[in-house]
Structure formats: structure tokens, C-alpha cells
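*Asks:* Chain residues, written in single-letter form:
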Amino acid sequence: MTVAAGPVAAVRRRSRGPLGLRLRRAAVPYLFILPFFALFGVFWAGPIVASFLYSFTQWRGISDPVPVGLKNYVDLLSDERFFTALGNTLWMAAGYVVVANLAALALALLLDAGWMKLRQFFRTAFFLPMTISMVVSAVIFQLIYAGDIGLIAKLLALVGVEGPAWLRDPTTAPYAIVLMRVWRTMGYYAIIYLAGLQAVSTDLKEAARLDGASEWQVIRHVTLPGIRPVALFCVVLATISGLEMFDEPMILTQGGPGDATLTAVMYVYQQGFQFLQLGYAAAASYVLTLIIVLISIAQRLVLGEKDR
Amino acid sequence: MTERTIRRRTVIAAGAAGAATAWLAGKAPAYAQGRTTKITYWCWSEHARGANAVYPKFREANPDVEVEIINLNPQEIQDKILVAMATGVGAPDVGLIIESRFPSYPSTGGLADVTEHVAPREGDFSPRLRSRLKYRDRYFGLPYIQNAAVMFYRADYFAEKGYGGPIDTWPEWIEAGKRIRDKGRNIFMNQVSPGAVGFGPLVGYLESAGVQIFDEAGKTVKSNRKGAETLRFYFDLVRTHDISLLVTHNSPEHFVAIKEGRLAALHSGNWGLDRLETEAKADQGKWKVQAWPRWSKDAPAVTGTWGGSVLVIPRANRNQAAALKWANFLSSNVDGQVGLWQNGYGFPTSLKAQQDPRLRQPQSFLGQSMYEASLANREVNYLNLVPDWPRVQIEIGRQMDAMFQGQKTPEQAWSDFEAAMVRQYG
Numbered sequence: 070m071t072v073a074a075g076p077v078a079a080v081r082r083r084s085r086g087p088l089g090l091r092l093r094r095a096a097v098p099y100l101f102i103l104p105f106f107a108l109f110g111v112f113w114a115g116p117i118v119a120s121f122l123y124s125f126t127q128w129r130g131i132s133d134p135v136p137v138g139l140k141n142y143v144d145l146l147s148d149e150r151f152f153t154a155l156g157n158t159l160w161m162a163a164g165y166v167v168v169a170n171l172a173a174l175a176l177a178l179l180l181d182a183g184w185m186k187l188r189q190f191f192r193t194a195f196f197l198p199m200t201i202s203m204v205v206s207a208v209i210f211q212l213i214y215a216g217d218i219g220l221i222a223k224l225l226a227l228v229g230v231e232g233p234a235w236l237r238d239p240t241t242a243p244y245a246i247v248l249m250r251v252w253r254t255m256g257y258y259a260i261i262y263l264a265g266l267q268a269v270s271t272d273l274k275e276a277a278r279l280d281g282a283s284e285w286q287v288i289r290h291v292t293l294p295g296i297r298p299v300a301l302f303c304v305v306l307a308t309i310s311g312l313e314m315f316d317e318p319m320i321l322t323q324g325g326p327g328d329a330t331l332t333a334v335m336y337v338y339q340q341g342f343q344f345l346q347l348g349y350a351a352a353a354s355y356v357l358t359l360i361i362v363l364i365s366i367a368q369r370l371v372l373g374e375k376d377r
Numbered sequence: 005m006t007e008r009t010i011r012r013r014t015v016i017a018a019g020a021a022g023a024a025t026a027w028l029a030g031k032a033p034a035y036a037q038g039r040t041t042k043i044t045y046w047c048w049s050e051h052a053r054g055a056n057a058v059y060p061k062f063r064e065a066n067p068d069v070e071v072e073i074i075n076l077n078p079q080e081i082q083d084k085i086l087v088a089m090a091t092g093v094g095a096p097d098v099g100l101i102i103e104s105r106f107p108s109y110p111s112t113g114g115l116a117d118v119t120e121h122v123a124p125r126e127g128d129f130s131p132r133l134r135s136r137l138k139y140r141d142r143y144f145g146l147p148y149i150q151n152a153a154v155m156f157y158r159a160d161y162f163a164e165k166g167y168g169g170p171i172d173t174w175p176e177w178i179e180a181g182k183r184i185r186d187k188g189r190n191i192f193m194n195q196v197s198p199g200a201v202g203f204g205p206l207v208g209y210l211e212s213a214g215v216q217i218f219d220e221a222g223k224t225v226k227s228n229r230k231g232a233e234t235l236r237f238y239f240d241l242v243r244t245h246d247i248s249l250l251v252t253h254n255s256p257e258h259f260v261a262i263k264e265g266r267l268a269a270l271h272s273g274n275w276g277l278d279r280l281e282t283e284a285k286a287d288q289g290k291w292k293v294q295a296w297p298r299w300s301k302d303a304p305a306v307t308g309t310w311g312g313s314v315l316v317i318p319r320a321n322r323n324q325a326a327a328l329k330w331a332n333f334l335s336s337n338v339d340g341q342v343g344l345w346q347n348g349y350g351f352p353t354s355l356k357a358q359q360d361p362r363l364r365q366p367q368s369f370l371g372q373s374m375y376e377a378s379l380a381n382r383e384v385n386y387l388n389l390v391p392d393w394p395r396v397q398i399e400i401g402r403q404m405d406a407m408f409q410g411q412k413t414p415e416q417a418w419s420d421f422e423a424a425m426v427r428q429y430g
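First to last, the sequence lines map onto chains G and L.
If you want this note's numbering, it's the position in the first sequence, counting the first as 1, plus 69.
If you want this note's numbering, it's the position in the second sequence, counting the first as 1, plus 4.
One chain only, chain L, in its complex shape:
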């Protein structure tokens, strides 16, 4: 009996000691254990390509950190990160969040405060981005890349109608569009997207026109004549001038239109080049890029955005040091930022990286430098964001659908949208 008790005790003690050792070993920082720390990074398509391309450079400088780059659907990432933050399990070490969705996250308390890493380099990114990344004067995200709105165009279609190069203003664009639009060959000047998805492209028009939907305090701008006028312009491209194809962006229909050469121009963020390289491989050399048209000859050379993303580190994260190394590399390292441009066309937020000569190198698909042709000397305007941005997207999407269905005028659609925003945000 005594012998049996001793044996049991020994076993229990040995088990407990083993478990404690394993627990302590797990708690110790990776470098103290003489092994690398493996972290996960959630991102999507062109960002995954960019991350994979710059990863070897990162590893050279950080042999103690291994990064597993996970390519997911962008919408899925936003929802999964939220759920992971809520449940405290399953979050990535570093995640990429669509910039417009970012304001919903800091207030949840689920993101790590990265002020001490971002504030010292405030001078290296646009002042407009600073306010976007802050919550109660603290940083909860790291600037990543921005997506300026640009116009890709088919130089061969333009040349057929006597247009040798970029078109400077919107009135000129409409005139050219009327000549280039070919009903027989089913060719449109460019595309316009309806629904909530259509808000992405509309943002470029609104921002370049200097429209704000919300003021800096997050309140709705009321009686927003400029907003209604811009929506009218968007509508007229399709219904009045009949130069733009109404097609849901990124739908199979849209890709077929690109592939079959039914679009003489493609409105996109600069990342659109990544899509063209995939969807219109056969038309390499025919596609060029130009800056976003100005509103008139004397209007400032500004553009808007289409997308943009922020790097975040969930608070419930045991690998914060390693996560910060990777996020900082992508956010502020010139090689990292330029690498993202070269492998996915994300325009650097780092001002130092924007000065790098590699940005001016031509892209083989276009046969020209996208930076010089479409981004240099263009100021980027931003909309003020509010939390729960999908609510804004869905509401304007509903109004745009009603507008394109002929149920409302653009002015009525804007007014109804504004009223819904006032109800929600004041």
C-alpha cells in the first residue's frame, strides 16, 4: 500500500514538474530559448505577393523572426480579426485592415497601442494619415501603403481617335469618351460600378473634388451641394453621356470586359496594374496609365484614393516584439516599402520611400513608370472616416442602385443618403 502511494506521488510530482517546465519554457521569450519566433501575417492577393517578395530582405535583418504569410479574402480578414479579438483566440500576430474599416477597431480595445513606434516617425508620412490612424490621440495602427486613384487606358484605342496621350480634365475626358465609345464594337470609355461595391470607385471622384461626407468631428456635412454634384457627374457618365459601362467592380463580368478589350480605360487604384497584368496579359504594351483627370484647367492637380490599408497588431498577442519588427519593416523600411510597390503596386506611405529612385523605374507591362505618369506631383485627398464605415458604404450603395435604376435623381439619392447619415452620425 505504502509502496503504491509513493509511486503515485512520484508520478504526480514528476508530471507537475514537467508541466511547469513546459509552461515556463513556453512563456519564455523566443530569443531566450534560442529559437526563432514564428508569427502569422494575414493579408490578401497583391499584398501577399508583396510580402513574400520582401520577406527574404526582412529575414536577413531579423533571423530570429519567421513570418507565415497567409493570403485570405480581404473581407474575410476584417471579420475574422474582429471575431478573433472578441474571443481572444485565433487572431494573427499582424493583420492588414482596409483603411476605411480601421476606425471601427481601436474603440474595441482589441488592438495594441503602437504610439511609441509610430509617433517618432510621424514626419515620414502624410499629415492626413496621422489623423486617420489615431484614436484618442494614440496610434493603434501602422501606416502601410496608399492607393491613389489613377486611370489606365488603352493607348491603341485612344490613338485610333486621335488622342496621343493622357487626357487632362474631365470635360475633355467626356468629349474623348464620346468619340471612343463604339457601340458596334461594344467599347466603353471606362467603367462605373453600382451598389455598395461602387462606393470604392466613387470615393476617388468625391475626394478629388474636395467633397467631405463627414467633418473632422465625425458629423455629417449637411446640404452638401458638392457631394450631390459629384454623384450627378458619376451618374451622367453612364446615363447621360453613355460613355461608361455600368458593371460591378471585380465581378466576372468586369474581368471579361477587360479581357475582351471592351474598356478603353480602367479607373482603379494603382494596384489595378496587378489586375491588368493578370487579366489582360495579351494586351501588354497597349495599356498605359495617366493621372486622375482634373475637374477643370485651373483646378488643382489632386486625386483621390481607392482603398488603402493599415497594419495592426492585436493586443492579445504573445509575440508582440516579433510582430512589431515585421510591421515596422513593412511600414517604414525603405526596402520594404519599395518592395511592396515593385511587387503589388502599393504606393508607399513612407515619404522617404517615395523619394527612392526605384519608384521611378518603368513597369514592363506599361512600358512607362507608373509613378511618373500618374502619381508624381499629384496631391492625394482623403475623406474623413467614421466608425462602422460599411454602414456608409451600404447606404450609399442602396442609393446608387436606386439612382441607376431610375427610381431617384442623383440629387434625391444624395439627399436621402445624407438624411440616413444624419440619423446615424448626427
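Isolated chain G, as found in the complex:
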């Protein structure tokens, strides 16, 4: 035993080497991942923790924050505008998720169809709105939606209908904003759906056709179940993006008319950067984050249920 243990121990000692070297070797992988974690700590985790702490303070940005406990959260409960913004956000996001996903899926199905020509061209064309500057898009849509000089108004005038000023009417303004966002992002989701569609086994589709299934039945019973994980991904992504809606209402309507298009993120922006109530804004943003997380979990539970 003793004789056998000697060489093994020696081999172990050789493989480990001196302590300093071993430590250095052990540290190398951590040094490689250190830059990521340093950046993550400073630019992601740090602000998340800091803003959570600020949400319990009254802070105007420069002077020292004053601790106020749960006051900001309690005040939010009685803030009518916060609930208006939250309500607008929820229903605009819901509308956006449904319309954007249906439109993207329909588009992806079209692009995936065997008879479709110029597939690359259409794929690029539908993706292009994502690459256009938001400000440019907003100006274009302001002119499309404008009262009597707008494109829609002029088209309606051709058939003798006087259309509303879409962005100035509290009934139509939220729809106008959702439609613009759908236009911008539809191509992006369509590309993701298309990738999912192309991964669905052609053998399965063929088999269904041989069994006498119509094209619609193939889509309904083979293709759509096959892209469920992709759909879940797109729905969650669209939901988060919808709940964070800011650019379009900020540029097109500034939250108006009245508060008809005021979204939760706009409300946070107003409180934080226009009213300088940074602690209160942080509290509102945490409530919004909580809602986004809860909705995402619910979606995962509902849509992802059958995958398990």
C-alpha cells in the first residue's frame, strides 16, 4: 500500500504544482468572466438595486435623498393618473400583442408558402420599418393621421366621409398609436415566426396531406402546434415591448389628448425627469416591473402548459 501510494501522491503533487501557481490557474477563468460581471454590476445590477432603494426616498436628483419608507408606494395607490396610465398601457399592450402577433404570423405563413415569389424582397421590405428612425416614422404617421390634410382623411374624403383627426381624438388616438407600433415591429416578429415555420417537419405536413388534410387543416393541426414555443417567445417579447410603450405616444401625442395615450413608462418619465420626483418615479417603475413579470409568468403558464 505504502509503496503504491508513493508514486500516486507524487503525481498529484506534480499536477497541482506550487500553491501560487495553482491559485493563479484557478483564478484564470474568473478573470476572463470578470469584465462581464464588472460591467453587469455597474450598469445593470447596480442601477436596479439603487433605483429600488431610491423608491423608498424622496429625491430630486441632486440634493440628498430623504428616506420616506413606503410613502411613494402608498401615494401611488391613490394616484388617479398612475392608474389611468396603467390602464392605458394594459389595454394598448394587449391590443398590440394580439394584432402584432396575428399580423406577423399571417405574414410569415405567406412568406413560407410554396407559391410565394420574391420571398427575400418581401422579407426585407417588411423588416425595413424596424430600421427607420422613430422620429422619421412619427413624422410620416403624423401626416398620415393628420386632420383634413392627412392621407387617411384625404382617402376618406374621396368617398365622402369626414374622418376624425386621429391623434387628437381620445377615442382613436390609442388605436392610431398601436397601429403604428404594429407597422414598425410586424416584420421583426414575422422573421422569427418564419424561422419557426421552416423548422416544422415537411414530412409531417406531407403525411397530413396524404391523409387527406386540407391546407388549412395542415396549418391548424400540424404547423401551428409545431411553432408553439416560437409563438410563446414572440408573445412574451411583444408583451414586454407593449408594456414598455413610450416612443410612439411621446412623439405623436405626448400622452394626450387628455391622458388617453399616457402610458406607464411615460408617466414614470414625467414624474422622474419633468417633475423631478425621482423616488416616486422609481416606485412607479417597480410596480410596472412587477406587473410585467407577473404577466410574463402567466403567459408562460398558459401558453407553455402543453409543452410539458
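Heads up, none of these hints are tricks.
Here chain G is said to cover these stretches of chain L; the calculated rule only asks that three of the stretch's residues, wherever they fall, bring their Cβ under 8 Å from a Cβ of chain G:
hint, segment
1, 84-91
2, 110-124
3, 256-263
4, 403-409
Below, a list of computed lysine-lysine pairs in the DSS-like style, where the Cα atoms sit at most 25 Å apart:
hint, chain 1, residue 1, chain 2, residue 2
5, L, K61, L, K42
6, L, K290, L, K182
7, G, K223, L, K263
8, L, K187, G, K223
9, L, K263, L, K290
10, L, K356, L, K61
To be clear, the hints were calculated from the coordinates, so they are not data collected in a lab.
From a predicted model like this one, the values you see are computed outputs, not experimental measurements.
Backbone N, C-alpha and C define an ideal beta-carbon position, used for all residues, glycine too.
Assemble the complex: chain G is given as a structure, and chain L must be docked to it using the hints.
*Replies:* Coordinates of chain L only, in the frame set by chain G:
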């Protein structure tokens, strides 16, 4: 081993000495280093044009200061300066702040106290501006330019209906508007803006009518009948008299209306001429300008404002001396102030500059002197401001939207606005 240690020490010492020298060199004032100091100035559109135009004059007198004039979106500047002051990095050396937003800044402690530069020349600007620029009896901003409300008008449209020139009072304006309004050609007398953006134009009406929303202590004026009456007047222009186009100011729709000749008059600050020169180039010579209408024949000749800006110097600023030179030049130098008028139409706050004959020179686009036609002999009234002014703007914007949508009468809208202000400011 010894040799290696010495080498390392030498390297470290040399590095430290180099770093210290570089640090000290950086700390030394620019003039001591025999180089110019480069400062940044954040402003927007017509102000950038004005600043660029007067810059050569400034450089002649101050060869040691270079200014980088950065043209940004006005709202973006206000937010960026606040964030920069909060974080201590990224602030400009001199920034332009919308006057109504200014009261939010001094209390943050992020602005340099410029009392010793502004107080000695208090006599050179309006007493009303003094209170606007002060916080706890100290100056934290330098007066820059003011924007008096004026009316640009299409002389050809007026002449078609027998109006040879300026219209003196609001009742006369409404009568003329009813004749000039042409539904067939889709021509409106002037424009009125809804929403928070619409507060800018409404201010001109309120100020010229002598309305105050807040008293000098910053408390809400309660049961403000005059305020409600003015809002009613604003509403009636659109809904009762049907002479004004309801359009969001500065929206593409608004610019198209100007370009297509759908407005017989344009309510604006005097800076509006800059917009007309760009948006209605083809109509040069047709546009004229007149003073803001009076409320009645025996009413005083007063006008209100639309905008106005203040020069500020963030406290965390290493180039304060150079920043002050530039800010003082824009604020008090007659050539600087007149240059801003000639290249952007910012009406000088400097009383000395207001007396300069160059102010009376005609503007080629109008074919007349804007100063003489619309500003001379007009007193400018100001609203008392409160901190977090966007809150006031957003609230009245919400009420105006409800009013124009027919959900509230102007009186209800004003009353609800007042109640919201009482809750916020007492």
C-alpha cells in the same frame, strides 16, 4: 534581482511623475497654459443660428475662449442638463433653459451662483425678469432674450376683405376673422393649439389679460374668474366663432397649414418669423406682423410671451471663467443681443440693446421692421412661475383637451385645473 527592482522603481517613479505633471497641467487654468479654453454651449434651432452669427464678434474680444455651439432639441436639453447636474458629468459649460422650466433648477443646487455678475447690471433688464431669475435673493441665471407674443398676418388675405393693416382689438379681430374665414378655400383666421403644447400659446392670452395663475408667493390664485374668462375666449375662437384652426403647434399638420396658405394669421412669439422664413418662403412679402391685439379700445397696450429662455452655468464646471465670458456676452453685450435679434429674432432683454437703432431695421421677409410694427410701445406682462412648471402645462393641457372634446365647459376646465393646482401648490 537588484537590477530588476531598480528598473521597476524607476519606471513607477517616472510614471507617477508623468501622471502628476499631466494632472497638474490639466488643473492649471487655460490661459496659464498658453492655450484657449474650449467650452460647450447647448441651445436649439434659432438660438444656435444666433449664437453662430455673433460668435466671430465674441472671438474678436475673447481670443482665449473657443465655444462649441451644440444644437439640440429644446426639451432634450432641459432633461439632459438635469441629469448631467445630478450625475456631475456631461453638463455643458453654458446651457439655455426654457424660462418656465428655470424655477426647478436653482433649488437642486446644481447651478452656479452668478449674482456678482448679474446684480451690478440689474438696471439693464426688466424688473419682472429680476424676480424670475432669482432664488433666495441670489441670481442663478443670466437674462437672455424674451419672446413677446405677436401676430403675423397675410396682408393679401386681409386686403381681400378690406382690411388694410393691423387689427387693434380682439372684438375687431373676431369680426374680421368671420369675414376672412373661408370654408371653401379652407382658410382660417389663425391657429389655436390643444394639449400641453397649447399652453404656450394660451400664456400669451392670459398674460396680456393680466391673469395670474399663481401669486408671487407661488400659491394658486383661487376663484380666478379672469382666468376662466380667458380660457372661454380661447375656446370660443374655435368652437363658437369658428375662425381658428385647432392644430397642435409645431406639428407637421401645422407647418402644412402655413405652407398651403390656410392661415390668414399666425400667433407666435417674435421668433415665429424664423419659422415663416423657412416654412413659407414662397410667400415672402405677403406676410406682415402686427402687435398683439388689445382686449378693448381703452385697454392698455400690453402683450404676453411665448417662450423666453435663460442662460445657466452648471456648478460642476471647470471652465467657469470662460463660461461666464460667453454667457455675459450673449446676455449683456449690445452687439451680442442685437445679433441674436438679427439672426433668430430673440427680443433683447438688455434695455440698452432695445434702444439700438439696428433693432428698428426692417426684416426683408416682412418688408417692415418687426420691432416697430409689433413690439415698440408694448409692455410685456409675465405669469408668476412655480417650480415643476411642466406639471402646470400637463394639467392645463389635459383640461384643454377635455374642453375642446366637449367633455367640459371652459369654466369647468378652469375650475378643475385650479383645483389640481391648489392640491399641488396650495
